[in-house]
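Enquirer: Based on the sequences and whatever the hints tell you, model everything.
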Amino acid sequence: MMKKILLTGAHGQLGKSILGCHEEIQKHRIFSTDVESLDITDDKAVDFFFKEIKPDILINTAAYTNVEGAEKEERLATKINGEAPGLLAALCKKYHTLLIHLSTDYVFDGTQKTGYLEMDPPNPLNAYGRSKLAGERAIANAGAKALIIRTSWLYSEFENNFIHTMLQRARANQRLRVINDQYGSPTYAGDLAKAILFLSNLPHPEETTYFHVANRGYTSWYHLAAKAFEYSGLTPDLTATSTEDYATAAQRPAYSILNTNKLNTETHFTMPTWEEGLKQCIDRISQQNL
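All residue numbers for the sequence shown refer to the working numbering, where the first residue is 1 and numbers rise by one.
Note that these hints are calculated values from the structure, not bench results. There's no promise every hint is true.
Stated by the list, open to error - Derived DSS-like pairs: lysine-lysine, alpha-carbon spacing no greater than 27 Å straight-line:
hint : residue 1 : residue 2
1    : Lys3      : Lys93
2    : Lys44     : Lys79
3    : Lys79     : Lys54
4    : Lys27     : Lys145
5    : Lys279    : Lys227
6    : Lys145    : Lys44
7    : Lys279    : Lys262
8    : Lys113    : Lys262
9    : Lys16     : Lys51
10   : Lys44     : Lys4
11   : Lys54     : Lys16
12   : Lys54     : Lys27
13   : Lys3      : Lys94
14   : Lys44     : Lys94
15   : Lys27     : Lys3
16   : Lys51     : Lys94
17   : Lys93     : Lys54
18   : Lys94     : Lys54
19   : Lys51     : Lys145
20   : Lys113    : Lys227
21   : Lys44     : Lys54
22   : Lys93     : Lys44
23   : Lys79     : Lys51
24   : Lys93     : Lys51
25   : Lys79     : Lys145
26   : Lys54     : Lys4
27   : Lys4      : Lys16
28   : Lys4      : Lys145
29   : Lys27     : Lys93
30   : Lys94     : Lys4
31   : Lys93     : Lys262
32   : Lys94     : Lys27
33   : Lys145    : Lys262
34   : Lys16     : Lys145
35   : Lys16     : Lys27
36   : Lys94     : Lys145
37   : Lys79     : Lys16
38   : Lys3      : Lys16
39   : Lys93     : Lys79
Expert: Encoded structure:
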């Protein structure tokens, strides 16, 4: 049965990746919006879209994603990441729409040494993480049927992400210092998009349900950069550095690996390894540069 899907944040890297899953999205009617066509913090505008479209599913990829910027703009980050999801969830409940919402590994503090499970207590270290956790709680409090998908270290062949930045700087012959004592699960947006569309076809949950969705395995930022250069055939001046020696406004968790066993056991969907996801991304970037 063809479903009507409302996609917010369509011009972001995840939104673009979802729209790039041509085989999957051809099975549905997709209504895609960006911040210019739909401000998710405007309750009247969002309600109008719901009345007009009556979507079966809302995939919310719209977000404030600047981790450093959120330290100075926490109010704005919270409005977009914390308050707007509650508004969306309330409308989803009103119109009997499934909400699929994206969250982050940064809701955790990184103090444990095993992969984080969905039920592990969150304790964000920075403004961005606090804003995303506020969104999770607003959705749960709204009582809508919702899937909250936490992911981590997202990148793609599109601009404004770690991999793209590293490759650009390497091609410009810049010296690179990359942190080697923060560990996480790098996630290719193309793989995450497929997982989201797969989950959208499952029976809808009766209450807010969490899934951790990330590429399998883990690494450090330094080794992620090194592997990207290996796949790209680049040999830049790359040096490992510590979090202590690389000052940033936002404190980041040292260990934010997401345990994805629930996704595997409950849905039988398996994400590729982070190396496989990275290789696919680098191949697509190489094709763009031909």
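Enquirer: Each hint needs a verdict: does it hold in this structure or not?
Expert: Now for the hints, and whether the structure bears them out:
| no. | hint | in the structure |
| --- | --- | --- |
| 1 | Lys3 to Lys93 | holds (17 Å) |
| 2 | Lys44 to Lys79 | holds (16 Å) |
| 3 | Lys79 to Lys54 | holds (24 Å) |
| 4 | Lys27 to Lys145 | holds (22 Å) |
| 5 | Lys279 to Lys227 | holds (9 Å) |
| 6 | Lys145 to Lys44 | holds (21 Å) |
| 7 | Lys279 to Lys262 | holds (25 Å) |
| 8 | Lys113 to Lys262 | holds (18 Å) |
| 9 | Lys16 to Lys51 | holds (25 Å) |
| 10 | Lys44 to Lys4 | holds (20 Å) |
| 11 | Lys54 to Lys16 | holds (22 Å) |
| 12 | Lys54 to Lys27 | holds (17 Å) |
| 13 | Lys3 to Lys94 | holds (18 Å) |
| 14 | Lys44 to Lys94 | holds (14 Å) |
| 15 | Lys27 to Lys3 | holds (8 Å) |
| 16 | Lys51 to Lys94 | holds (10 Å) |
| 17 | Lys93 to Lys54 | holds (12 Å) |
| 18 | Lys94 to Lys54 | holds (10 Å) |
| 19 | Lys51 to Lys145 | holds (18 Å) |
| 20 | Lys113 to Lys227 | holds (23 Å) |
| 21 | Lys44 to Lys54 | holds (15 Å) |
| 22 | Lys93 to Lys44 | holds (16 Å) |
| 23 | Lys79 to Lys51 | holds (23 Å) |
| 24 | Lys93 to Lys51 | holds (13 Å) |
| 25 | Lys79 to Lys145 | holds (22 Å) |
| 26 | Lys54 to Lys4 | holds (8 Å) |
| 27 | Lys4 to Lys16 | holds (18 Å) |
| 28 | Lys4 to Lys145 | holds (16 Å) |
| 29 | Lys27 to Lys93 | holds (24 Å) |
| 30 | Lys94 to Lys4 | holds (16 Å) |
| 31 | Lys93 to Lys262 | holds (25 Å) |
| 32 | Lys94 to Lys27 | holds (25 Å) |
| 33 | Lys145 to Lys262 | holds (18 Å) |
| 34 | Lys16 to Lys145 | holds (25 Å) |
| 35 | Lys16 to Lys27 | holds (17 Å) |
| 36 | Lys94 to Lys145 | holds (11 Å) |
| 37 | Lys79 to Lys16 | holds (23 Å) |
| 38 | Lys3 to Lys16 | holds (19 Å) |
| 39 | Lys93 to Lys79 | holds (20 Å) |
This entry satisfies every hint, going by the numbered hints stated previously.
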